[in-house]
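Start from the sequences, fold in the hints, and give me the full structure.
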Amino acid sequence: KGESYAWARPSLHAKKLRDVELKAGSKAVRGQKGAAHAYNIKSHREEERRWVEQAEGAYARFVAGWNQRGPRKARTDAANEVRR
11 KGESYAWARP
21 SLHAKKLRDV
31 ELKAGSKAVR
41 GQKGAAHAYN
51 IKSHREEERR
61 WVEQAEGAYA
71 RFVAGWNQRG
81 PRKARTDAAN
91 EVRR
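Each residue of the sequence shown is one higher than the one before, counting from 11 in this note's numbering.
Calculated from the structure, these hints are not laboratory results. Take the hints with a grain of salt, since some may be wrong.
[As the list claims (entries may be wrong)] Here are the simulated DSSO-like pairs of lysine-lysine, each with C-alpha atoms no more than 27 Å apart in a straight line:
| hint | residue 1 | residue 2 |
| --- | --- | --- |
| 1 | Lys-25 | Lys-43 |
| 2 | Lys-83 | Lys-52 |
| 3 | Lys-83 | Lys-43 |
| 4 | Lys-37 | Lys-25 |
| 5 | Lys-43 | Lys-26 |
| 6 | Lys-37 | Lys-26 |
| 7 | Lys-33 | Lys-52 |
| 8 | Lys-52 | Lys-37 |
| 9 | Lys-43 | Lys-33 |
[As the list claims (entries may be wrong)] Here are the simulated distance ranges between beta carbons:
| hint | residue 1 | residue 2 | range |
| --- | --- | --- | --- |
| 10 | Arg-79 | Arg-55 | 15 to 23 Å |
| 11 | Ala-74 | Ala-16 | 13 to 21 Å |
| 12 | Gly-75 | Val-39 | 25 to 33 Å |
| 13 | Gly-41 | Phe-72 | 39 to 47 Å |
| 14 | Asn-77 | Glu-31 | 43 to 51 Å |
Every residue, glycine too, gets a C-beta built ideally from N, C-alpha and C.
What follows is the structure in structure tokens.
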């Protein structure tokens, strides 16, 4: 918790943040490339998209290898015994 999402697309995230800033009333800075500029470059967007697809595929393969387990069985030792 408190960490950024590991598989996020940085330029898309920067563009969304900048859009929110502009809607909130922040002034548009003309003539300078901001943090969201990379999203305007198609090859950069496609590269990020391929990277995320590869990461999602790796995650899907990782999750597919998990063992399915049922719910934990209740322990029946002396500490959990019902006393009469």
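Comparing the hints with the structure gives:
1. With a C-alpha separation of about 12 Å, the suggested pairing of Lys-25 with Lys-43 holds against the 27 Å cut-off.
2. As the CA atoms of Lys-83 and Lys-52 are separated by approximately 53 Å, the hinted pair breaks the 27 Å bound.
3. Taking the CA atoms of Lys-83 and Lys-43, the gap is near 59 Å; set against the 27 Å cutoff, the hint is violated.
4. The hinted pair formed by Lys-37 and Lys-25 meets the criterion: a straight-line CA distance of about 15 Å does not exceed 27 Å.
5. Taking the CA atoms of Lys-43 and Lys-26, the gap is about 15 Å. The hint holds against a cut of 27 Å.
6. Between Lys-37 and Lys-26 the CA atoms are separated by roughly 16 Å; this keeps the pair inside 27 Å, and the hint holds.
7. Pair hint Lys-33 plus Lys-52 holds up; C-alpha atoms about 24 Å apart against a cutoff of 27 Å.
8. Restraint check for Lys-52 and Lys-37: satisfied, since their Cα atoms lie roughly 26 Å apart, inside the 27 Å limit.
9. For the proposed pair Lys-43 and Lys-33, the alpha carbon gap of about 19 Å is at most 27 Å, so the pair holds.
10. For the hinted restraint 15 to 23 Å between Arg-79 and Arg-55, the CB-CB distance of approximately 40 Å leaves it violated.
11. Between Ala-74 and Ala-16 the beta carbons are some 19 Å apart, a value that agrees with the proposed interval 13 to 21 Å.
12. Separated by about 48 Å at the C-beta atoms, Gly-75 and Val-39 break the suggested range of 25 to 33 Å.
13. A C-beta distance of roughly 45 Å is found between Gly-41 and Phe-72, which places it inside the suggested range of 39 to 47 Å.
14. The supplied range of 43 to 51 Å is met by Asn-77 and Glu-31, whose beta-carbon atoms lie about 46 Å from each other.
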